[in-house]
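Could you build all of it, start to finish, from the sequences and the hints given here?
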Amino acid sequence: DQQVKQNSPSLSVQEGRISILNCDYTNSMFDYFLWYKKYPAEGPTFLISISSIKDKNEDGRFTVFLNKSAKHLSLHIVPSQPGDSAVYFCAAIDFSGNTPLVFGKGTRLSVIA
Amino acid sequence: DGGITQSPKYLFRKEGQNVTLSCEQNLNHDAMYWYRQDPGQGLRLIYYSQIVNDFQKGDIAEGYSVSREKKESFPLTVTSAQKNPTAFYLCASSSDSYGYTFGSGTRLTVV
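In order, the protein sequences belong to chains L and U.
Mapping of the first sequence onto our numbering: residues 279 to 391, in sequence order.
Mapping of the second sequence onto our numbering: residues 602 to 712, in sequence order.
Keep in mind that the hints were calculated from the coordinates and are not lab data.
There are no misleading hints in this set.
Some residues of chain U that are not near chain L, with every Cβ distance over 12 angstroms (derived):
#1 Asn629
#2 Ser666
#3 Glu673
#4 Thr680
With a Cα cut of at most 30 angstroms, we get these calculated BS3-like pairs of lysine-lysine:
#5 U:Lys658 x U:Lys672
#6 L:Lys283 x L:Lys334
#7 U:Lys610 x U:Lys671
#8 L:Lys346 x L:Lys334
#9 U:Lys658 x L:Lys315
#10 L:Lys315 x U:Lys672
#11 U:Lys658 x U:Lys615
#12 L:Lys332 x L:Lys349
#13 U:Lys658 x L:Lys349
#14 L:Lys283 x U:Lys658
#15 U:Lys684 x U:Lys610
#16 U:Lys684 x L:Lys283
#17 U:Lys610 x U:Lys672
#18 L:Lys283 x L:Lys332
#19 U:Lys671 x U:Lys658
#20 U:Lys684 x U:Lys671
#21 U:Lys610 x L:Lys315
#22 U:Lys610 x U:Lys658
Reference excerpt, derived from the structure (chain L facing chain U, CB under 8 angstroms, subset only):
#23 Ala319
#24 Glu320
#25 Gly321
#26 Pro322
#27 Phe367
#28 Pro378
#29 Leu379
#30 Gly384
Heads up, the beta-carbon is just placed ideally off N, CA and C, and yes, glycines get one too.
What follows is the structure, encoded as structure tokens:
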């Protein structure tokens, strides 16, 4: 049973426009959510995170929104740049369960110049 | 510089052979993890260890084994019992529940 779902395997966006990557989760016990970015043949790197007590967190061009009632979060990238082309993983954790991060399957973002 | 090192970057194995992937960290992190990445499958947890001399199975532990004799090291052995071992393997470490640092990965190919 997949607890973290990224239903869009891929997304193409023009350079300069907004990229919106979506993530849904099923476990209401998740306390913290993260986005990782991954280039081919490299390990994922942390991008941005949000606590379940917040509904928005912003870091430069990257903003994550959390809608707890809908069990949905999204990552917005504005403006999108060609260097943003990568696979983005959504991840979540339940601190009380003392278990590792749970990752979604990822969304491949292609930013077209 | 502190970091997490996986070696080798590319590994070829004949069917029926065991192979061990190395993961070393000098971040003084207590917890270490092994994930497997397949196309369209995301990151799936194989094993994790939250403290030396202790480890737990993840979602896809069958056909794999690990050890955690030192804080810095968490090697993964892919045994002949793993039916489909060709994949990209990622090691990670963390000092808290969610601040994961990943290695650069090992691409294992069965020939």
